[in-house]
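With the hints as extra help, turn the sequences into a complete structure.
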Amino acid sequence: MKKAYASIAIGGTKCSLVLGVDEGEEFSWLSRSTFVTPPSAQSALSELVRILEEALSENSPMTLQGVGIVCGGPMDENAGLILSPPNLVGWGRFDLVTPFRDHFQVPVRLMNDANAAVLAEWAWGNARGAASAVYLTMGTGMGAGILLNGRLLQGSSGNAGEVGHWRLAETGPRGYGKSGSFEGFCSGGGIARLAQEIALVHLQNGTPADFAPKFSDLESITAASVAAASADGDPVATQIWADVGSKLGLGVSMIIDLLNPEVIVIGGIFNRQRDLLEPTMREVLEQECLTTSLAACRIVPSGLGESIDDYAGLAAALPDAADSPIATLLSSARD
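For reference, each letter of the sequence shown is one residue, going 771 to 1105 in the working numbering.
Rather than coming from a laboratory, the hints here were simulated on the basis of the structure. Where is the CB? At the ideal position from N, CA and C, for every residue including glycine. Some clues are possibly wrong.
[Unchecked claim] The following label-pair restraints were derived from C-beta to C-beta distances:
(1) 832 with 1068: 37 to 45 Å
(2) 801 with 970: 43 to 51 Å
(3) 832 with 1009: 29 to 37 Å
This is the structure we're talking about:
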């Protein structure tokens, strides 16, 4: 009988559920479903349960071994509670774990998405085998998963690594409830807000940017549309990405000086827009970092790319498997 694991990712814009089968050395993905994140946590739960039931039925015979759920913080991992992440308004103290555990009668684990992602990159991606590694989400939000000397750094309540809340400037786009924060400058929503502010100034000065030639265009600006404008040669869009790269470099430099990791893996937007972000990021790193610590650290895009959420959920599901190396990391974090 095949052993199956369910990987669930809860995001600010979409939710996904992937069913995978343990093939020994690697996993085979059997099905994948996504849907727009509803405003109601209960609605999301009901849809996810339905999708998993259908996936198991369509791919039988198999036995479900575990469910991993990943989501942005803050959360209480031990209690299985989501605690109103900034990108999930109204999801306060919501228990996703117990309903899945009761319904499917298997182990279920909720993990911070960045924590699970650094485990996934350590097991299958660009941090493979590193004793000290950091994963930066850089998507809808900005958070860090941290492995330090072979141990997952979770903190007293599972909220270590919330670097998105760091203030990088006195003013700037708002993210994680704070103006000028790391998340404000270096997340999808933050980049869009920064571009809207700059485009507005250009419109008021009579020098509109190509990606927003009219005032009515401001609300439709996204990080993707600014990237497309930069690719088409818009100097305003290109400068925005240079500014974001500088702030990314500032945040990364603080991580390098604080933790001295072997590798920092940056996912999400960095994977897609590396050419626009890396030059100014590197300039700031050279200016700000301790030279020896920077020389010891590789800074790379996610090795798992757009599949990172799938593997992160899998990493969350696997610790209850006796032969899982991820179990060792998680158990050491609680020693």
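Legend entry - List of violated hint numbers, smallest to largest: Checked against the structure, the only hint that fails is number 3, while the rest are satisfied.
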